[in-house]
Amino acid sequence: MNVIKIAEQFYHRLANRDSRQGDGRHTAVEFREKYLSGLNSKEAWNDSTCSIILDFEGVRKIGPSFANEAFAYFTQYADPETVLGKICLKNASTVQTKIIQMELETGYRRRT
Amino acid sequence: MKRRYSYSLGLLAILVACLAIFFIFSPLTYRTWNELIHHDLRTYAEARNYYNAISSAYSILTTTAGILLGLYYFVRKNRIDTANRLKERRTKRIEVLHEQLNNYDSIVDEIISQQVNDQEDLDRCRRKAERAFELITAILDADGCVLDWSDKELETILAVDAYVNNHPIIMEVTHDSLNEYKDIEIVRSEYIDLLQEARKVCLEKADSIYT
Chain A
1 MNVIKIAEQF YHRLANRDSR QGDGRHTAVE FREKYLSGLN SKEAWNDSTC
51 SIILDFEGVR KIGPSFANEA FAYFTQYADP ETVLGKICLK NASTVQTKII
101 QMELETGYRR RT
Chain F
1 MKRRYSYSLG LLAILVACLA IFFIFSPLTY RTWNELIHHD LRTYAEARNY
51 YNAISSAYSI LTTTAGILLG LYYFVRKNRI DTANRLKERR TKRIEVLHEQ
101 LNNYDSIVDE IISQQVNDQE DLDRCRRKAE RAFELITAIL DADGCVLDWS
151 DKELETILAV DAYVNNHPII MEVTHDSLNE YKDIEIVRSE YIDLLQEARK
201 VCLEKADSIY T
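Quick mapping for you: the protein sequence lines, in order, are chains A and F. Using the working numbering, the letters of the first sequence map in sequence onto residues 1 to 112. Using the working numbering, the letters of the second sequence map in sequence onto residues 1 to 211.
So here's chain A without its partners, still in its complex pose (with noise of 0.2 Å):
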């Protein structure tokens, strides 16, 4: 099973959802396409066991714009909790959970 340390291998500021926000870096877009592009499919939800772990370990900030358009993208394709069942996060603080699940309970705010 794929363990991402999010914080070394990718950024330990999750905050832009896209190149239109902040600094336009280490955005969700990236991370999603670079790390979740497996997922990114009707068939990759036929069955809910995690498949991939995402290590929060360092992670000092997730954004709820980021948090939105890495995983609340999936909703397209399974409910939250087979997201989040998919999805599996370790070492993620109450809140950095809470904004996550927020955000998969709003569902995915399509960019034009």
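Simulated from the structure, these hints should not be mistaken for lab results. Nothing false has been slipped in among the hints.
Computed, partial: chain F to chain A, Cβ under 10 Å:
hint, residue
1, R127
2, E130
3, F133
4, E134
5, A138
6, L158
7, D161
8, P168
Using N, Cα and C, we set each Cβ at its ideal position, and we do this for glycine too.
Given chain A, work out where chain F should sit, using these hints.
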């Protein structure tokens, strides 16, 4: 629990006093108590010895009672002091949280009120808003059961930044687009509703500290 302790102590004190009265007066009521407790105080020496024995016994009893009461006071005082210290920590934390919410609000209000001068100013406000809410999330994360936020309370507070951070008008568009946006009052109204709910949660939490 407090009342039960007081009643028990009160009853104990009454019992000890009754016993003292009994032992003091029993030799004097010869006829009534002689069958239960035999006293034969014929001489002054015998009476003196008897009352000396009672006095010694009661000295030991009152000294022991004094020590136990002192220990009880010490334990209770420690508990009360610990509870008061926790209340102070909780109050302080709520105050800081409230202050940071106000700070965050003043920054976001600059953007929503279209009071920013140029793109650079707008970017600066956006960065400040992000940092301000980071402090709020740090306070919530570091709670460690001091305030013991429920899921619903956390969601209410986090919903403010979820709205702001996800709103393209507030956090993404250019300065010109922000100024030209016609429905900014709707954005302001929705934002204020969420902020008021968050403030309400903080105030209710503050109230609950002393109830």
